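Now for the letters of each chain:
2 protein chains.
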Amino acid sequence: MTDKFIYAFGGGTAEGRGDQKELLGGKGAGLAEMSSLGIPVPPGFTLTTEACRFYQRNDRVFPPGLREEFREHLTRLEEIQGRRFGDLQDPLLLSVRSGAPTSMPGMMDTVLNLGLNREIVDHHVGSGEKPRFILDCYRRLLTMYGDVVLGVPHARFEKVLSAAREEAGVATDPELPAEALLAVVEAYEQAIAEAGEPFPQEPMDQLWGAVRAVFDSWDNRRAREYRRLHHISEEWGTGVNVQCMVFGNRGTDCATGVAFTRNPGTGERRVYGEYLINAQGEDVVAGIRTPKAITGAGDDPGLAGDYPEAYEALEKVCERLETHRREMQDVEFTIEHGKLYMLQTRDGKRTGLAAVRIAVDMVHEERIDRREAIRRVEPSHISQLLAPEFDLEEKERAIVDGRLLARGLAAGPGAAAGRIALTAERAEEMAASGPVILVRDETSPEDIVGMHASQGIVTSRGGMTSHAAVVARGLGKPCVVGAGSLSVDEEKGELRVDGKVFLEGAELSLDGTAGEVISGALKPRPSEVLQVLLEGRDLGASPTAQAFQEILRWADDERRLKVRTNADTPADSAVARALGAEGIGLCRTEHMFFNEDRIGWVRQVILARDAEERAEALAHLLPVQQEDFEGIFRALEGLPVTVRLLDPPLHEFLPHERKAQVAMAEKMGLSPEAVAEKVEAMSEANPMLGHRGCRLGLTTPEIYEMQVEAIVRAACNLVRAGVDCRPEIMVPLVGVREEMVRLRKMIADVVARVERDEATELEIPIGTMIEVPRAALIAEQVALDADFFSFGTNDLTQMTYGYSRDDVGRFLPFYIEAGILKHDPFAQLDTSGVGQLVQLACRKGREARPDIKLGICGEHGGDPASIAFFDRCGLEYVSCSPYRVPVARLAAARSALGYHSGGKETS
Amino acid sequence: MTDKFIYAFGGGTAEGRGDQKELLGGKGAGLAEMSSLGIPVPPGFTLTTEACRFYQRNDRVFPPGLREEFREHLTRLEEIQGRRFGDLQDPLLLSVRSGAPTSMPGMMDTVLNLGLNREIVDHHVGSGEKPRFILDCYRRLLTMYGDVVLGVPHARFEKVLSAAREEAGVATDPELPAEALLAVVEAYEQAIAEAGEPFPQEPMDQLWGAVRAVFDSWDNRRAREYRRLHHISEEWGTGVNVQCMVFGNRGTDCATGVAFTRNPGTGERRVYGEYLINAQGEDVVAGIRTPKAITGAGDDPGLAGDYPEAYEALEKVCERLETHRREMQDVEFTIEHGKLYMLQTRDGKRTGLAAVRIAVDMVHEERIDRREAIRRVEPSHISQLLAPEFDLEEKERAIVDGRLLARGLAAGPGAAAGRIALTAERAEEMAASGPVILVRDETSPEDIVGMHASQGIVTSRGGMTSHAAVVARGLGKPCVVGAGSLSVDEEKGELRVDGKVFLEGAELSLDGTAGEVISGALKPRPSEVLQVLLEGRDLGASPTAQAFQEILRWADDERRLKVRTNADTPADSAVARALGAEGIGLCRTEHMFFNEDRIGWVRQVILARDAEERAEALAHLLPVQQEDFEGIFRALEGLPVTVRLLDPPLHEFLPHERKAQVAMAEKMGLSPEAVAEKVEAMSEANPMLGHRGCRLGLTTPEIYEMQVEAIVRAACNLVRAGVDCRPEIMVPLVGVREEMVRLRKMIADVVARVERDEATELEIPIGTMIEVPRAALIAEQVALDADFFSFGTNDLTQMTYGYSRDDVGRFLPFYIEAGILKHDPFAQLDTSGVGQLVQLACRKGREARPDIKLGICGEHGGDPASIAFFDRCGLEYVSCSPYRVPVARLAAARSALGYHSGGKETS
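These protein sequences, in sequence, are chains A and B. Read in order, the letters of the first sequence are residues 240 to 1146 in our numbering. Read in order, the letters of the second sequence are residues 240 to 1146 in our numbering.
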């Protein structure tokens, strides 16, 4: 640790640098950088994160020497500005703002206008010198300090202010006359004093109180929650920025705003953002007043019209920052009497759509290279582009039917439908039983967990940079904000819209791309990108689809891992292929069994009283299975298709309802009681660990024989028709060497028999899933009879942890909440436990059979962090659901390039 | 392979040696050895197992040169005996008998009297020279050759013979006159010819036919079955012994018999066996006629009276053989005109009781040393000594009540009760649903599997060396043979006794130690050894108990592994301690929860609506749990007691019957529907992998806290009373490091709190079970917070294989039957899969914490083969059920000495 805890900036120079985010925090580093670039930044200084860490580790004691260093820097500011902090006539006012190394929006706290007290205010009111401006600043100071430092509920201040507005007969705060404001600040002071200690009148006490509050806020509940959700280390700490105030609330030639150097929703290359006239920065971020768009709307020319010089300056600053930082920026600015001041710059958050487009555009602009573009597009961005949308016609019908409840800002793209929850707590509860839409007047950091649990978020207030909008985009959730016609009554559990009332639990749909809120549940459907790709439309019509394809082609050039898909139907196979799948890694045969035209025969196979009855049923199933396979093989022409033989316990196929049992009994000439008895007799205490997979293949070989025959006949048919068809046969649930020995022989025998019969020669690899821990442990034995291994990481995770996926809901959420597990091992592969088995099986498998092909077909095959692990294991491919294929392609490229793709090491 | 396939013996010399069992088979080696020792053995020669292996591997073709070699040896026999094979006047008759390297009683086949044909018989009948003897020999030849070589059902011959006896008005075969015998042999010849090919009249054809039949019989179903059950290699092959006949059926001064050098039932040091006058060997072994005891009975002096010289010779031979072989022998002999000939010697099979007593006696006789005694006593022998017996009073009451159905020979010690099965197939079927007693007129090798499935075996015919008796003793099953008043009607499914009829499925009890068959089900109770030890009686009163204690004390001197027990009550703890347990390795706390006085409170804990209701219930449970622990700690004074905290899912404790739900609802002031709903809501799809073990401890910490408090208060109370009490606390189902971190802290906190409260200091190790595969994989992390590991190999096996113990019955029997698995992995540890995890966890645990204590408390802790594996892993202790403790002590000693204790490597 050094003994320098404070770094100055402003006036065209800075002690710190833009790359010192860990030391100065993101905000401090950004301010230092802008200052060095000659961008107009009000002068100030940054207390380092080291100071915060010292404070946190030493029972909230500041590091030795800090106060002296602080005093020196404050004196410097007074000299630059030519004003004294605490001066009665012309006081220097300061802001104190947090800034952690990683942006944590809304998590940390800000206090503006520090340096005012009643004496100063009274002096100005008495002298009639800018009394309204001083009163407004003091009001804001009391609110923020009261709330953030002293813990007085925000609502108390809001109540006073509302009453004052009503009494004065005005709609907005800027309209309040000075006398009314004086009454307000007196009421504020009283509210603070009543809640505990009075507001400190000594300016230096205010300053230190605010610094302490920022340091303390690193450790508050919502900050910890945010860090947990975003995997941010508890260790880092936050910086504190003390900065001279510039005022957006000094009159109508003043404003405050936030902007992105490009559109964070679409990626369009144009300064984008919002501003509020005669307001301070917190008004925008808090979403209290709905701001104006910088780009204007309709006839309104926007910022360029209101403040032409400042607008021009802003455009130049944005271009300068992008050139320097080679990244889209998210900036805060204030216009004081027409002059632009920059208060913050940071890399901007964006939707998936924008991320892809910006990355691709920046390559074309030659700001970055392709690999950097791949680094910047997160796998979650890709999945956002594939997020569902509503069917346009269905949505329009709903609108024509009068179901459009509100329009708001399209703050998070994508479509979602679910039941209304009006509080974050309810959203969490309700999410257990189905999709939820969280509807609030506005959200706050306390709502994070509930937002996480919801499918989509709607607020009645706030703008594109409101808390709800920022968080929703980060989470990749569809979001509509500022839907002003909605009004939430939490107490009554009602959502009111234009006289209509919707109770909590009613169905609601939201289109976060269009900014629409619609009553009832619309059915989300594939995104624009998906539609373009799946329908094979011209990419020129969709810049998004074009960018999507471009980044993925670049990714394909970088990755080593192949990406296959898990698909059971020709339709799914076609989707996957259109999205870049290089084969099928898992074709489950059991789903086919449930089709109405075959389940009866499947049941007869199970309930058969003798070999003849069973043979009859199998003879009916053979041609339909064969047809299924032909369709799939055709869709995957030229690519491998791994077919897994029957896996689930037969019990799953039996009728459990009395009616279906009676029907089945009739079909087979049995008594309904006999069927019911058989169903009962076949039920298992722990079906997950029961009579399934290859255990069935050995005890009831006829089913596997039929399936293999169907595969081989299908392949022979196609080969004769000139179709390049590459089936692979996979045995599930092997755990004992002898299982594989016998089943390989059985399969090879059927293959040879059918080949002879069809007079066609094929080469069909026969392999196994590695999903039982024992199979991994004895992989060197299993490999002797397996041409390939495919890791079934779902079951492998179940058995390695001893967790039933069906039951884990009873404790896994608690485990994750309490930090016992860092993540859900079914979503992200447990590299330290389950991963050990994967690595062991890879090593042993290769030792026994150097040319063995290794892949993975569990759901982890679509998880970026897991994909990186599989890449390190040297697997040949991952296989995932069709819609995850593009995500996997990107994740595989990022892994090859050594980029981190989220996820933490397991515990 | 050498080119010598035949070894001669007889006349005081032999080409082979007694230690060449692998080459000559057991019988051939024994004959060679006896011959070399100068014991009278009819001359002969042995075809080696190499010849058999050649034959098996070359499509049933004899090795080149074998026929010539055979011819030379036959010529030698003709020269010694001065008779020609096939001679009309005075033909040399030969026997052909199998002899595998390991004794396989009843599995292989024998043909006597080879060398006779109709021409020779007719010549003798015509000349009146010994016609009856020749006819009897020819009759036997036809029966055996027809049955064994030509596959004509034995029953056909039996039917002819019965009819002949009836017609002649005689009871036994020796009484049949020559004329009747002539008619019999003619009928036999006809029966054979009708069944296929006629009986070969050329003596050399007979001889080769018999040799071929022996070689072929190595590969028949029952031989394979026996080898599978006894883990005998398929590779070995059998020898064939061709030997000059001596005749026990040449008149009343002739006899044939079998003997043991000591009593194979009790171990008493006295020649023991049976003989039949005027009979051939097969009559004894087959159990067709009930033989006389060598030691006599009542006034009958036995063999010493009937043939004093031969008896004296037999005693000397027995002593000679024991001195030479240092082991109890099982011999076959024939007396021809008063002169003794030995036909076989081999190490004798014996009951557990005899094995222990003979081994201990032989140490005292200085024939063997203590380690050799330990080698000779198999763990299964020890468990036989602990096998249940009936309560004497209860049994006597049953006898007074007229329930004694039959007395027979006490062929296999121990008591058993179950339902009657009259065929081996039925026994197999019925065994699935409860204990079965197999009752047959006599058993044959085809019955092996059914005998295995039964609790006990009863036959109406046969002696101590009949098939049933020999097999039952080998399997350690209680067995009564020769219970002549019983008569089995398989077709009607009836057992008839003195006019009473018992249907298949009726209850029956048998006392294999006393030889009694009793109707109805008596309750088996602990064996004599157990009673003596548990009641602390003087060992002098029971030679068996004395020998038992002696061998186990010797074992204790040799073993490294400690042996603990799994016990949940003071009573079980006391039993285990009396049997030598050195602590408790697993004290389950959940069994205590089911007691009537507490299950209601347990349910209230689960169903509690709030913390208060839960606390009330826990407050009721605390003192009773504390009392339980005090009792157990007191019983194990001075020894460690590992208490496992609650493991099963809470659902198990809830009432599932409507009535119990109503009662519970009343107690708690809930509606019965609410209780039913909760029960339903808590049920799980796969409870084995559900919300249980430490997962409960973390989500519902109050239960663990109560349990820990009960343990610590109990210990404090005892320590203050001067009792040396050593509790250890064990956390179940850990799979994630953080589980152990938090639970260790929680437990340590409660321990510290109660210690302060009780003003007593204890040292309580806190450890975990390793039963989830992941725990083994990350053992180095778990060890950081665990003072000890105890392997829960039951769950570890379930999860490593993905087998649910509750459901495995659907395929595991098939797997074992079909040879997919070599054994039940829940009975014998799977060393190659599950064992890998055990070894890994041992290594990682020790690396992280060199002083970590390692043990195992799964059911494998009582399995000898598994114990040997745990010994190799360097565990400190195994823990098993109380009655397995002596078995484990012996197995641990055998492991330390490098002796094999059964079981095969896993696949």
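Where hints are given, some of them may not hold.
Any copy, or any two copies together, can satisfy a pair, since identical chains are not distinguished.
[Stated by the list, open to error] As a list, the in silico DSSO-like pairs of lysine-lysine whose alpha-carbon atoms are at most 30 Å apart:
1) Lys984 with Lys1083
2) Lys1083 with Lys801
3) Lys898 with Lys917
4) Lys398 with Lys917
5) Lys898 with Lys739
6) Lys588 with Lys762
7) Lys398 with Lys369
8) Lys1092 with Lys801
9) Lys984 with Lys1061
10) Lys243 with Lys731
11) Lys917 with Lys762
12) Lys984 with Lys739
13) Lys588 with Lys731
14) Lys984 with Lys762
15) Lys739 with Lys398
16) Lys906 with Lys801
No lab work stands behind these hints: they were computed from the structure. Nothing here was measured: the structure is a model prediction, and the numbers come from that model.
Hints and how they fare:
no. : hint                : in the structure
1   : Lys984 with Lys1083 : within (22 Å within a copy, 39 Å between copies)
2   : Lys1083 with Lys801 : within (22 Å within a copy, 35 Å between copies)
3   : Lys898 with Lys917  : both (15 Å within a copy, 28 Å between copies)
4   : Lys398 with Lys917  : neither (69 Å within a copy, 45 Å between copies)
5   : Lys898 with Lys739  : neither (43 Å within a copy, 49 Å between copies)
6   : Lys588 with Lys762  : within (28 Å within a copy, 77 Å between copies)
7   : Lys398 with Lys369  : within (25 Å within a copy, 132 Å between copies)
8   : Lys1092 with Lys801 : within (12 Å within a copy, 46 Å between copies)
9   : Lys984 with Lys1061 : between (44 Å within a copy, 19 Å between copies)
10  : Lys243 with Lys731  : neither (55 Å within a copy, 103 Å between copies)
11  : Lys917 with Lys762  : neither (40 Å within a copy, 34 Å between copies)
12  : Lys984 with Lys739  : neither (69 Å within a copy, 55 Å between copies)
13  : Lys588 with Lys731  : neither (36 Å within a copy, 86 Å between copies)
14  : Lys984 with Lys762  : neither (48 Å within a copy, 50 Å between copies)
15  : Lys739 with Lys398  : within (26 Å within a copy, 99 Å between copies)
16  : Lys906 with Lys801  : neither (47 Å within a copy, 62 Å between copies)
The structure fails to meet hints 4, 5, 10, 11, 12, 13, 14 and 16 from the earlier list, while all remaining hints are met.
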